[in-house]
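*Asks:* Residue strings, one per chain:
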Amino acid sequence: ETGVTQTPRHLVMGMTNKKSLKCEQHLGHNAMYWYKQSAKKPLELMFVYNFKEQTENNSVPSRFSPECPNSSHLFLHLHTLQPEDSALYLCASSQVIAGSYEQYFGPGTRLTVT
Amino acid sequence: GQNIDQPTEMTATEGAIVQINCTYQTSGFNGLFWYQQHAGEAPTFLSYNVLDGLEEKGRFSSFLSRSKGYSYLLLKELQMKDSASYLCAVRDGDYKLSFGAGTTVTVRA
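Going down the list, the protein sequences come from chains G and X.
First residue of the first sequence? That's 3 in my numbering, and the numbers climb one at a time after it.
First residue of the second sequence? That's -7 in my numbering, and the numbers climb one at a time after it.
Calculated directly from the structure, the hints in this document are not laboratory data.
Be a bit skeptical, because a hint or two may be false.
What the hints assert, rightly or not - Simulated crosslink set (DSSO-like; lysine-lysine; CA at most 30 Å straight-line):
(1) LYS20(G) x LYS73(X)
(2) LYS42(G) x LYS68(X)
(3) LYS68(X) x LYS20(G)
(4) LYS42(G) x LYS60(X)
(5) LYS68(X) x LYS43(G)
(6) LYS73(X) x LYS42(G)
(7) LYS21(G) x LYS88(X)
(8) LYS24(G) x LYS68(X)
(9) LYS43(G) x LYS73(X)
(10) LYS88(X) x LYS20(G)
(11) LYS49(X) x LYS42(G)
(12) LYS20(G) x LYS54(G)
All chains, full assembly: derive it from the sequences and hints.
*Replies:* Here's what the structure looks like:
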């Protein structure tokens, strides 16, 4: 595997379900991110982890719960979601060193909440 | 708050040139990225400008004017595979990128 991988690629869940999204980066990066992408809207940054420590939580509802067990893996735990949470959820990683700030994105999980 | 504006859609003919403008008003500025995103795929990095001026990379060039809060992405010799969404993003912190809504470019034969 290379780059940033995400599973599952598609997920349909009811409002009472609990599910988790998984992201893995194979680039040796030290920062990982969750973004939400809704149609015709800018990517919204949800969470940032740097060296496994959460450094940003962009006022995300508590029904989204991130977990970063090590610098290569990132999870997004979902529970009691709303239909408006249907979107593409993108994971990204970067190496936070001077002069290198490019974020590498995974293919995303297309989430539909019914 | 962060305000990053770019046109919603642009259409051009194969072989032509298209310029995608991006204006920004952000609380901080540490550089500007352009990403390309094909439908159903991950955004991929195109360019990064931190100083004023033009950066050229093959058929793609990116320009930045920090004093004007303005950037553009220039796509030359358009090909059908260039049909995609182009995202402008400002790095306004150590890690944080703030994105525009994206410009969908359609290339016609």
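*Asks:* Determine for every hint whether it applies to the structure shown.
*Replies:* Evaluated hints:
Taking the CA atoms of LYS20(G) and LYS73(X), the gap is near 39 Å; set against the 30 Å cutoff, the hint is violated. A distance of roughly 25 Å separates the Cα atoms of LYS42(G) and LYS68(X); the hinted pair therefore holds under the 30 Å criterion. For the given pair, LYS68(X) sits about 47 Å from LYS20(G) by alpha-carbon distance, which is inconsistent with the 30 Å threshold. A distance of roughly 26 Å separates the Cα atoms of LYS42(G) and LYS60(X); the hinted pair therefore holds under the 30 Å criterion.
For the given pair, LYS68(X) sits about 27 Å from LYS43(G) by alpha-carbon distance, which is consistent with the 30 Å threshold. A distance of roughly 21 Å separates the Cα atoms of LYS73(X) and LYS42(G); the hinted pair therefore holds under the 30 Å criterion. Under the criterion of a C-alpha separation no larger than 30 Å, the hint pairing LYS21(G) with LYS88(X) is consistent with the structure, at around 27 Å. For the hint pairing LYS24(G) with LYS68(X), the CA-to-CA distance comes to about 38 Å; that exceeds 30 Å, so the pair is violated.
Between LYS43(G) and LYS73(X), the direct Cα distance comes to roughly 23 Å. Compliance with the 30 Å bound is thereby established for this hinted pair. With a C-alpha separation of about 28 Å, the suggested pair LYS88(X) and LYS20(G) falls inside the 30 Å cut-off, and the hint holds. Proposed proximity of LYS49(X) and LYS42(G) is supported: the alpha carbons are some 28 Å apart, at most 30 Å. Proposed proximity of LYS20(G) and LYS54(G) is supported: the alpha carbons are some 23 Å apart, at most 30 Å.
Hints 1, 3 and 8 from the earlier list are contradicted by this structure; the remaining hints agree with it.
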